[in-house]
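Chemist: Sequence:
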Amino acid sequence: MEQAATAYIEGLTAATDGPMWVFAIGVLAIFAVVLIKAFPMYREFKTRQLDIEAEREKRKAEEARMRDERERENAAIAARQVEAQERSTAAMNAMTAQMAVMESRIELSQQGSATMQNKVDGIAVEVHDIHTAIVHD
Numbered sequence: 002m003e004q005a006a007t008a009y010i011e012g013l014t015a016a017t018d019g020p021m022w023v024f025a026i027g028v029l030a031i032f033a034v035v036l037i038k039a040f041p042m043y044r045e046f047k048t049r050q051l052d053i054e055a056e057r058e059k060r061k062a063e064e065a066r067m068r069d070e071r072e073r074e075n076a077a078i079a080a081r082q083v084e085a086q087e088r089s090t091a092a093m094n095a096m097t098a099q100m101a102v103m104e105s106r107i108e109l110s111q112q113g114s115a116t117m118q119n120k121v122d123g124i125a126v127e128v129h130d131i132h133t134a135i136v137h138d
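Residues 2 to 138 in my numbering are what the sequence shown spells out, letter by letter.
Rather than coming from a laboratory, the hints here were simulated on the basis of the structure. Possibly wrong hints are sitting among the right ones.
[Stated by the list, open to error] What follows is a set of in silico ranges between Cβ atoms, one per label pair, in the way DEER data are often shown: (1) Gly123 - Arg88: 31 to 41 Å; (2) Ile107 - Glu87: 24 to 34 Å; (3) Met100 - Ala80: 48 to 58 Å.
[Stated by the list, open to error] Below are the SDA-like pairs computed for lysine to any residue, each with C-alpha atoms no more than 20 Å apart in a straight line: (4) Lys120 - Glu108; (5) Lys59 - Asp69; (6) Lys61 - Arg71; (7) Lys59 - Asn75; (8) Lys38 - Arg57; (9) Lys120 - His132; (10) Lys120 - Val136; (11) Lys47 - Glu58; (12) Lys61 - Gln50; (13) Lys47 - Leu36; (14) Lys38 - Thr48; (15) Lys47 - Val35; (16) Lys61 - Arg49; (17) Lys47 - Ile31; (18) Lys61 - Leu51; (19) Lys47 - Val28; (20) Lys38 - Ile53; (21) Lys120 - Ser110; (22) Lys120 - Glu104; (23) Lys61 - Arg73; (24) Lys120 - His137; (25) Lys47 - Arg57; (26) Lys38 - Val28; (27) Lys59 - Tyr43; (28) Lys38 - Gly27; (29) Lys61 - Glu72; (30) Lys59 - Arg71; (31) Lys59 - Thr48.
Think of the CB as a built atom: it goes at the ideal place given N, C-alpha and C, for glycine as much as any other residue.
Can you make the complete structure from the sequences, with help from the hints?
Modeler: See the structure below:
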């Protein structure tokens, strides 16, 4: 009995070796067909991804260039504003200095006028004294 079971198992093993090889070859053939069909699609997918990435990098470079250009324009505008502010400050300082000169001239003029007024008052007193001396004598 034992010999019969061993013979039966060996027979099954020998019988299944043939169909297993056919099955394995079939699976490999299906896998090869799938690979042959899928590889161009995969390559196209990767190519599209690379194209998209290249476009993205190009767009980023363009945005960076535009941002740099805007920053240069803003810097130029800021420099012009600073120059205008400096000119305005210089003009204000010149006006302040001119006002100080005018104020000192007015002050000197007022002092001269006050001195002249004192002289005129002194002359008026002398004329009055002379008039009084001549008319009353």
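Chemist: So, against the hints stated earlier in the document, which numbers end up violated here?
Modeler: Numbers 1, 3, 7, 8, 10, 17, 19, 20, 22, 24 and 27 - these are the hints that the structure violates, sorted from lowest upward.
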